[in-house]
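Top to bottom, those sequences are chains C and G. The C-terminal position of the first sequence is numbered 110 in the numbering used here, with every residue numbered one higher than the one before it. The C-terminal position of the second sequence is numbered 223 in the numbering used here, with every residue numbered one higher than the one before it.
Hints in this document: simulated from the structure, not taken from any laboratory. No experiment lies behind these values; they were computed from the predicted model shown.
Computed list of lysine to aspartate or glutamate pairs in EDC-like fashion (alpha-carbon distance at most 16 angstroms, straight line):
| # | chain 1 | residue 1 | chain 2 | residue 2 |
| --- | --- | --- | --- | --- |
| 1 | G | K154 | G | E167 |
| 2 | C | K97 | G | D163 |
| 3 | G | K154 | G | D195 |
| 4 | G | K154 | G | D169 |
| 5 | C | K97 | G | D161 |
| 6 | C | K97 | G | D169 |
| 7 | C | K97 | G | E167 |
| 8 | C | K57 | C | E80 |
| 9 | C | K15 | C | E79 |
| 10 | C | K73 | C | D62 |
| 11 | C | K22 | C | E67 |
| 12 | C | K65 | C | E91 |
Not close to chain C: a few residues of chain G, all C-beta gaps over 12 angstroms, as computed:
| # | residue |
| --- | --- |
| 13 | V122 |
| 14 | K127 |
| 15 | S182 |
For glycine and all other residues, C-beta sits at the position ideal for the given N, C-alpha and C.
One letter stands for each residue in the lines below.
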Amino acid sequence: AQRVTQPEKLLSVFKGAPVELKCNYSYSGSPELFWYVQYSRQRLQLLLRHISRESIKGFTADLNKGETSFHLKKPFAQEEDSAMYYCALSEASGTYKYIFGTGTRLKVLA
Amino acid sequence: DAMVIQNPRYQVTQFGKPVTLSCSQTLNHNVMYWYQQKSSQAPKLLFHYYDKDFNNEADTPDNFQSRRPNTSFCFLDIRSPGLGDAAMYLCATSRETGVPTQYFGPGTRLLVL
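Just need the whole structure built from these sequences, with the hints factored in.
Below, the structure written as structure tokens:
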């Protein structure tokens with residue numbers, strides 16, 4: 001069965017420290033992977049998608065098919081990065097559905 | 111700004127009293143979704159519309175229904191809310207191109223008394 005696992009419910013780091021939010025997936029085909037972010041009192045919004053291979057707000061994520069992972073990384077955390085982060089998987093077959101992980105709350109401490 | 115709007119933001123209902131949540135969009139997207147999100151859990155897809163085609167998830171209870179009268183609007187009807195239906199309900203839209211990005215509304219928090 002398709003599944004997205006985010007093993008950490010809460011991750012606390014100090015400002016300026018590197019950040020890695022873990023995401024592992026289980027899917028038999030070729031998935032499309034996304035990271036969504038929800039800042040306090042705001043709606044869920046796209047942070048980045050693996051197909052774009054871009055860096056947004058200093059965050060990057062590489063799809064590792066061998067390890068079935070899509071970890072989100074940032075070399076130097078900022079206080080404004082504090083938010084809830086969700087990893088999501090979309091079946092590439094065109095069903096337009098996402099499977100979300102349970103999310104990781106990132107707290108960046110001053 | 112083009113966006114996804116959900117009304118109301120907070121809804122209180124009584125056990126067993128039907129309730130309707132609404133979602134509208136100005137993005138002209140042809141796919142609309144309803145998710146249920148309980149505390150500390152992942153958003154769970156209830157159903158989605160591809161244009162007028164309704165797609166129900168296998169584990170969505172019959173208590174949950176949806177209507178999409180036109181491209182812009184989509185409604186979630188809970189026929190007989192139970193205490194376990196208290197949750198945040200998220201509406202999202204996407205456009206049918208390649209691998210779609212989903213755009214979310216702010217959500218409606220439902221409280222069942």
